[in-house]
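Chemist: Just so you know, the protein sequences line up as chains D and E, in that order. Under the numbering used here, the residues of the first sequence are numbered 1 to 636, in order. Under the numbering used here, the residues of the second sequence are numbered 1001 to 1102, in order.
Read the hints as simulated data drawn from the structure, not as lab findings. Note that the coordinates shown come from a computational prediction; the quantities given were computed from them, not determined experimentally. All residues carry an ideal CB built from backbone N, CA and C; glycine is no exception. Be a bit skeptical, because a hint or two may be false.
[Unchecked claim] Facing chain D, a subset of chain E residues (Cβ under 10 Å, in silico):
id, residue
1, Val1031
2, Met1061
3, Ile1092
4, Arg1095
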Amino acid sequence: MEFTLFILFIPLFLFILLGLAGNKMKPLTAGLVGTLGIAIATILSYAAAFLYFFRIGKTNGIFEDMMPFSVEWLRFTDMLHIDLGILLDPISVMMLVVITTVSLMVHIYSLGYMKGEKGFQRYYSFLSLFSFSMLGLVVATNIFQMYIFWELVGVSSYLLIGFYYTKPEAVAASKKAFIVTRFADLGFLIGILILSFYTGTFDFGMLTADNASLVVQSTAGLSFMGLSVASWAMALIFMGGAGKSAMFPLHIWLPDAMEGPTPVSALIHAATMVVAGIYLVARLFPVYMFGAPEVLTMIGYIGAFTALFAAVIAVTQTDIKRVLAFSTISQIAYMMVALGVSGFGGHDGLGYMASMFHLFTHAFFKALLFLGAGSVIHAVHSNEMINMGGLRKYMPITHITFLIACLSIAGIPPFSGFFSKDEILAAAFHHDKILFVTLWIVAGLTAFYMFRLYFNIFWGKEKTYEHPPHESPKSMSLPLLFLALLTCVTGFIPFSTFISSDNVPFTAHIDWRIAASGIAVALIGIFAASSLYMKGNIKTVKRLAERMGGFYKAALHKFYIDEVWMFITRKVIFRYISKPIAWFDKHVVDGAMNGIGWITQQLSLSIKGFQSGNVQFYAWVFIAGTLIITLWVLFL
Amino acid sequence: MIPMEHYLILSSIMFFTGIYGFITRKNMLAVLISIELILNSVEINFSVFNRYLYPEGMEGMIFSLFGIAISAAETAVAIAIIINIYRNMQDISVRQINKMKH
């Protein structure tokens, strides 16, 4: 399995190649080189997945961890050392497949979408960096390696969101994404330090071995402010995951990240950055389960709240990419809930499996939604719903594929979203009824806002277009078709036989009572959306919005969370923390440095007088010195 | 025979007169003459030590000759420089020469 190294190194090589030599190539050549490279990585990932799942991964019916490559990098003690390596286990292999597939689709799609853009080569080099960072993150063998790639993901998202660096909104969005996630990463880093301090290891295998006994024992008996040290560490680590996965209240960067090019949004939202948090919790799941069960419960509740909260906002947004952004937050939160309600081992671990399953299916249909939205934007040159309508005649391929994705995310069988969402609902139902009801409502809301989007774009009143919209080129429609195909089939994968919380395959059955309730609420949502938006009945919609009054307005403004954060940072952190520190820095630290400089300068000024260049004066000093020394020697 | 000290006292007076002149004179020609005084006092010392301490050798005398030759060459160069400065500035006072710094 050593060839898995190439999955990582090909994107890295492409990043360096396109970054350094990109401007010497023709744009199309650079794009094709990048696409070809990621295509090879994709094939290698498929090969790795096939070999792992069907040939060599299983011993005695259990999927074993494999480490085809590992080097020791920094050694602190015998146990505590930072390695760099590749860890293959069911979830990392699954993620390899997801990331490379979506990334390949985005690469192909961008050939058409980004055609003629300034910095085309730069764009492809950043895409490669992004793929590399995320691939490195999922195969990390230890938490520190993960942290390294975690930050790399942050950097590459910063570069890509701010791709249109001449646009002030894009620059602001990229900075926001970077700062918010970095703020969360501070918690992550502190969590890592606490965890490694008490357990003495970074290695995932050792942390999760024997039901995380190492963590539990090392921190047993210690507590801080009512929670055990393990709980604190894991809560702080989750903070990093919440930042990347845009959990409330750290979700504010994600809607703004829409300023980046649309294919990038597809990549960030479907396969890479936002699922990193889910992946982190899944990776450390036994530690959460046995070391910090109360944190796991908290994760479930934060997830449920975020899911509902984002879904409500998504209903009110008019920018189509923003609707999708809030939908992503909501769906990612779904996965968090699934992890939060999961048990360990066998059928108890249904939530864990469901979370990974939803991550898997969501990646494809969310990528499809974003790429479809990109195709629409490409055709009408606008992000606003108000400028769209009746596009189904002009763009049949985009229309059909978008519909498939909408049905899938709404949870209508036989599309993939139904299967994964049903598993999550089932897991929540068996664990916590409050969470189940919340998720059930969110499912209805999801169906509603997705079909609101769909009907507004493709049905409704036809607008007068400056240029008649047309179907996108082949490079864009082919990825749409391929992703639509995946959306249709991935639901039928018997996921539980590949991925489970304890790596022992089991069979999950569809609980038809829960599934039926899920379908019912989705149908209600779709029906409501169709009656409101299919004919473009704007008056009713407006009246409904007015009836909702303040609540509608609050939702439209995203419940003013951005403003709250602005208040906290500007009025509290800047004024009471940053300002005194800045004062200290400016006056004490800089003052000391300036003082040393000033003294040196004065000294040199006074010495300068000696160097007049006047030889007579030199001679006088020389002789006077000689005389003094002579007298000294003679009389003392 | 005249005692050695007499010569040495003479050369010391010459030497310090030269030093004094070198430091205090404003006129560059006077400075040059002061340097000649210093050099000549040294040459007297060479000859005297040679004559009184090692009368069989001639090294001190030869050194004096070298000194005279070098001081002649040095004076020639210095006077050339001073003449050039005079042509440019109509002045050979040492204080004025600092204009050449800029």
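Chemist: It remains to establish, for every hint, whether it holds in the given structure.
Modeler: These are the hints, each one checked on the structure:
no., hint, verdict
1, Val1031, "holds, 7 Å"
2, Met1061, "violated, 28 Å"
3, Ile1092, "violated, 14 Å"
4, Arg1095, "holds, 9 Å"
Of the numbered hints listed earlier, those contradicted by the structure are 2 and 3.
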